[in-house]
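Participant: Working from the sequences, and respecting the hints, build out all of it.
There are 2 protein chains.
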Amino acid sequence: MSDVFVIAQGGGPTAVINQTVAGAVLEARKRFPSARILGARHGVRGIRNGDFVELSRLTDTDLRRLADTPNAGLGSTRDKPDEKYCAEILDGLRKVEAKAFIYIGGNDTSGTLAILDKAAGGSMTFLHAPKTIDNDLVENDHTPGFISAAWFVAHAFLSTDLDFRAMPGIYVGIVMGRHAGFLTAAGQAWRRDERDGPHLVYVPERSFSTQQFLADVAAMRDRHGRCVVAMSEGVHGDDGKPVIESLLGDRVERDAHGNVQLSGGDLGLAVQSALTAAFPKVRARVDTFGYLPRAFSGLVSPVDRQEAFDIGAFAIATHAEGSASIALRHEVGQGSGKTVLARVPLDAVAAKTRLMPADFLAASGTALAAPGRAYFDRLVPAAPDIFTGIL
Amino acid sequence: MSDVFVIAQGGGPTAVINQTVAGAVLEARKRFPSARILGARHGVRGIRNGDFVELSRLTDTDLRRLADTPNAGLGSTRDKPDEKYCAEILDGLRKVEAKAFIYIGGNDTSGTLAILDKAAGGSMTFLHAPKTIDNDLVENDHTPGFISAAWFVAHAFLSTDLDFRAMPGIYVGIVMGRHAGFLTAAGQAWRRDERDGPHLVYVPERSFSTQQFLADVAAMRDRHGRCVVAMSEGVHGDDGKPVIESLLGDRVERDAHGNVQLSGGDLGLAVQSALTAAFPKVRARVDTFGYLPRAFSGLVSPVDRQEAFDIGAFAIATHAEGSASIALRHEVGQGSGKTVLARVPLDAVAAKTRLMPADFLAASGTALAAPGRAYFDRLVPAAPDIFTGIL
Numbered sequence: 040m041s042d043v044f045v046i047a048q049g050g051g052p053t054a055v056i057n058q059t060v061a062g063a064v065l066e067a068r069k070r071f072p073s074a075r076i077l078g079a080r081h082g083v084r085g086i087r088n089g090d091f092v093e094l095s096r097l098t099d100t101d102l103r104r105l106a107d108t109p110n111a112g113l114g115s116t117r118d119k120p121d122e123k124y125c126a127e128i129l130d131g132l133r134k135v136e137a138k139a140f141i142y143i144g145g146n147d148t149s150g151t152l153a154i155l156d157k158a159a160g161g162s163m164t165f166l167h168a169p170k171t172i173d174n175d176l177v178e179n180d181h182t183p184g185f186i187s188a189a190w191f192v193a194h195a196f197l198s199t200d201l202d203f204r205a206m207p208g209i210y211v212g213i214v215m216g217r218h219a220g221f222l223t224a225a226g227q228a229w230r231r232d233e234r235d236g237p238h239l240v241y242v243p244e245r246s247f248s249t250q251q252f253l254a255d256v257a258a259m260r261d262r263h264g265r266c267v268v269a270m271s272e273g274v275h276g277d278d279g280k281p282v283i284e285s286l287l288g289d290r291v292e293r294d295a296h297g298n299v300q301l302s303g304g305d306l307g308l309a310v311q312s313a314l315t316a317a318f319p320k321v322r323a324r325v326d327t328f329g330y331l332p333r334a335f336s337g338l339v340s341p342v343d344r345q346e347a348f349d350i351g352a353f354a355i356a357t358h359a360e361g362s363a364s365i366a367l368r369h370e371v372g373q374g375s376g377k378t379v380l381a382r383v384p385l386d387a388v389a390a391k392t393r394l395m396p397a398d399f400l401a402a403s404g405t406a407l408a409a410p411g412r413a414y415f416d417r418l419v420p421a422a423p424d425i426f427t428g429i430l
Numbered sequence: 040m041s042d043v044f045v046i047a048q049g050g051g052p053t054a055v056i057n058q059t060v061a062g063a064v065l066e067a068r069k070r071f072p073s074a075r076i077l078g079a080r081h082g083v084r085g086i087r088n089g090d091f092v093e094l095s096r097l098t099d100t101d102l103r104r105l106a107d108t109p110n111a112g113l114g115s116t117r118d119k120p121d122e123k124y125c126a127e128i129l130d131g132l133r134k135v136e137a138k139a140f141i142y143i144g145g146n147d148t149s150g151t152l153a154i155l156d157k158a159a160g161g162s163m164t165f166l167h168a169p170k171t172i173d174n175d176l177v178e179n180d181h182t183p184g185f186i187s188a189a190w191f192v193a194h195a196f197l198s199t200d201l202d203f204r205a206m207p208g209i210y211v212g213i214v215m216g217r218h219a220g221f222l223t224a225a226g227q228a229w230r231r232d233e234r235d236g237p238h239l240v241y242v243p244e245r246s247f248s249t250q251q252f253l254a255d256v257a258a259m260r261d262r263h264g265r266c267v268v269a270m271s272e273g274v275h276g277d278d279g280k281p282v283i284e285s286l287l288g289d290r291v292e293r294d295a296h297g298n299v300q301l302s303g304g305d306l307g308l309a310v311q312s313a314l315t316a317a318f319p320k321v322r323a324r325v326d327t328f329g330y331l332p333r334a335f336s337g338l339v340s341p342v343d344r345q346e347a348f349d350i351g352a353f354a355i356a357t358h359a360e361g362s363a364s365i366a367l368r369h370e371v372g373q374g375s376g377k378t379v380l381a382r383v384p385l386d387a388v389a390a391k392t393r394l395m396p397a398d399f400l401a402a403s404g405t406a407l408a409a410p411g412r413a414y415f416d417r418l419v420p421a422a423p424d425i426f427t428g429i430l
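For the protein sequence lines, the chains are A and B, in the order given. Residue 40 is where the first sequence starts when you use the numbering used here, and the numbers rise one by one after that. Residue 40 is where the second sequence starts when you use the numbering used here, and the numbers rise one by one after that.
Keep in mind that a hint or two might mislead.
[To be verified] No more than 25 Å apart at the CA atoms, straight line, and that leaves these computed lysine-lysine pairs for DSS-like:
1) A/Lys157 - A/Lys391
2) A/Lys123 - B/Lys320
3) B/Lys123 - A/Lys320
4) B/Lys391 - B/Lys157
5) A/Lys138 - A/Lys69
6) B/Lys119 - A/Lys320
7) A/Lys119 - A/Lys138
8) B/Lys157 - B/Lys123
9) B/Lys119 - B/Lys138
10) A/Lys119 - A/Lys391
11) A/Lys119 - B/Lys320
12) B/Lys134 - B/Lys119
[Unchecked claim] Beyond 10 Å from chain B on every Cβ pair, some chain A residues (computed):
13) Ala74
14) Gly112
15) Glu127
16) Lys138
17) Ile154
18) Arg324
19) Ser375
20) Thr392
21) Ala409
Because the hints were derived from the structure by calculation, they are not lab data. Yeah, the Cβ is synthetic: ideal placement off N, Cα and C, and Gly gets one too.
Facilitator: As C-alpha cells, this is what we get:
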C-alpha cells in the first residue's frame, strides 16, 4: 500500500506559497515514488469536504509552473477550526488514510496543527510549513514570502522618495502589518544616508502620537525639503485608542452613539486629513499599498522561491521524525552566513507573534538602527544603482 | 562659440523620463562635441530662476546611471506659465544664449512650448519630448513611461486575480487616469479567457452607472465565483455628477451647504461602501494604486527605456529642422511592426487629449475588444507563465 501525504494552504497569500507545495511533491516523487500526494482545495475546508486534487499526477513541468505562480494555487481559507471542526478534519484525513498532513501557513495554522496532533494521539504526523509576509513567526529568522514583499516595499519607497525629491511635499505609504512592523521597516532597507526617504517609519511596536508625528514631519521638511513616511496599518496610541480618532482630532464626526463616522476606519484618509490640516497648501499624498506588496507577480525574490521550495522538500524528507513546525534559521558563518532548516515543536510556534526586536529601531522609534539595517541588508535584494547627483 | 541646449522636465514622473535627458546629452556629445547642455532644475521654474546644472560635464557612466533612475532627476514642476511667466522663461533662455530648448512632458508642456515658440519668432528652437503614463498624447502611438506603468498594472491585476481565485470575493483596483483609460484597460492585457480577471474594466471614456456596476459585479460573481474590477479614478456618470455621490446613494452625508462630506472625495472608500451595502458578508476589497504604478523602480520595461532615450537623441539630431513635438509612431510591417520617430507641429499636440479609441472596448464597455487586445499585446511585456490548473 502506498503512503498518502496531504498538503494544504491557509491564510493570506505570498508570492512563493506554491513553491512549498512543489517542493513537497517533487521530494516525495524522488524519495517515495509510490506515494500519493493529495492537495486539499481551500485549506482544511477541502479536507473536511473531501475536496482533493491528486498532485502526484502533475508532471514535473506543471509542478514547476505551479511553483512559480504566486498566491495559493490550491486555494486558501480563513476558517479557524474549533474542536468540532478539528474532529471533522481528522476524520477527513483518516478517510484518505493520510500518513502525514503538511499545512502551509502562519501562526494560526500551527495552532490548528497542534490541536490536531494532540487529538490524533500519534497516529498521524502533522507538519507546519511557515509562510507569512508579516514575518511574525517565532523560532524563525524570517518567513517565506517576506523577502519578496519586503523587496516590493523597498522599491515602492525608493520610487516615491525620488518622486518627492523631484517635486517636494509629504508622502505617506501605509503598509500591511497589524502587530509586527518588519514589512514597513523594510522601506528603509535601501537608505544610503539620512537624506534618503523614507525619513520616518511608524510601526506597531512603538506607540504612535499624532502630535509627535506631525512634529516629526515638520522637522524632516525643514531638514530635507520633503518628508516621506512608511507607516504600518497597525499603528496605535499609548492609550489603546485607534489612531484614526487621534489623527482626526476635532475633525472627527460621530454618529448618535458616539462612534467615529468614517466607514471602514480608513487610516489613509485620516492621515491625509491630519496632514492637510497641519500643512495647508503643501503637496501631501497618502497611499495605502493594500494587497499590492503581498504576492506581486512582477517581483519575486529567487532566494525566497528557493527557501519556500526547500521547506516543502524538508517536510517530506523528515516526516518520519514526527510532528513539527519547520523553521528557517540563520546561521552565522562565513560572509553573511547561511539559512538552515530546523524542526521545532508545533507548540513553540502556535499562536505566538514575533515582533521586531527592540534594537532594530533607533531611540526615536522612527528609523532603523544598525542591527535592523544589518538584518534588512542581508535579506532584501540589492538596491538599484540610483543617481541623485543633480537635486 | 559653442552651442547651448537647455533641457527640462515637467509634470508627473515616469520610470524612464531621465532616459530622454541622457539620450539628448549623449547624442549632443557625439554630434556637437563643443556644445553645452544645461539642465534646468524643476522645469521652467529653473529657467526663470537661472537654476541650471551643466549636464555636459557629467561622465558617460553617470549619464547612464541617471538614465536608469526613475522619476525626474532634474526635478519637475506643476507650474502652468501664463503670458508673463512665458516672457520670463524666454528671458532666462536668452540669458544663457540657448539655441534650443527641449522640454520633456505631456500636453501641457507642448502647450507652453507652442506659446514660447510664437513669442520667440524663430530666434530659438523649441522641442517637445513626449512623456506620460496616461498615454493621452495625440499624434503618438504610445508615450514613454506608459509601457512600464502598464506592465505594473498588468502584474497587479494578475496577482490580485490569483488572490481572489484562492479566496473568493470582490476586488476593485483603482488606477490613475482622469480622462484616458489606457492604463486601467492595460489590466486586461494578460487575460487568457473570460475566466481570468479583471472581469470588468471601467474607464472615463464610457459613462459609469452605479446600478449597472453593481449588476455587472453580481453577474461576474455568479459566473466565476469572484469578481475582479479595474476602475479608472476618472470614471463619471452620464449626468456629469461625481461618481462618488452616485456610489454612496442614500448613505451620502452632507454638510450644512449640501456638499458631500467625504474628505478628499475618496473614490475607493465610496466604492467600498457601495459594495458592502450591496453584497453584505462578501469579502470585498478596494485598493487605490495611487502613485505606485507610475515610476516603480522594480519594473521598468527595456523597450520603454530605449524609446525614451531615442527621443532625446532624436530631438538633438534633428533640432536644426526647427521647433516640433517628437512623436512615437507605430509602423505596420513584418511581425508586430516597429516604432519610428517623427516630428510634428507643436500645435498638433498642445492642449489636446487622446482618448482610448472606441473600438478598443466591447459594446458592454467593460472588457477589451480585439483591437484593444492587439494593442496591449504589442506593448505590454509578455505575461508570466501562470498555472491555474487546480482551482
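Participant: Which hints from the list above does the structure break, by number from lowest to highest?
Facilitator: Hints 14 and 18 contradicted; others consistent.
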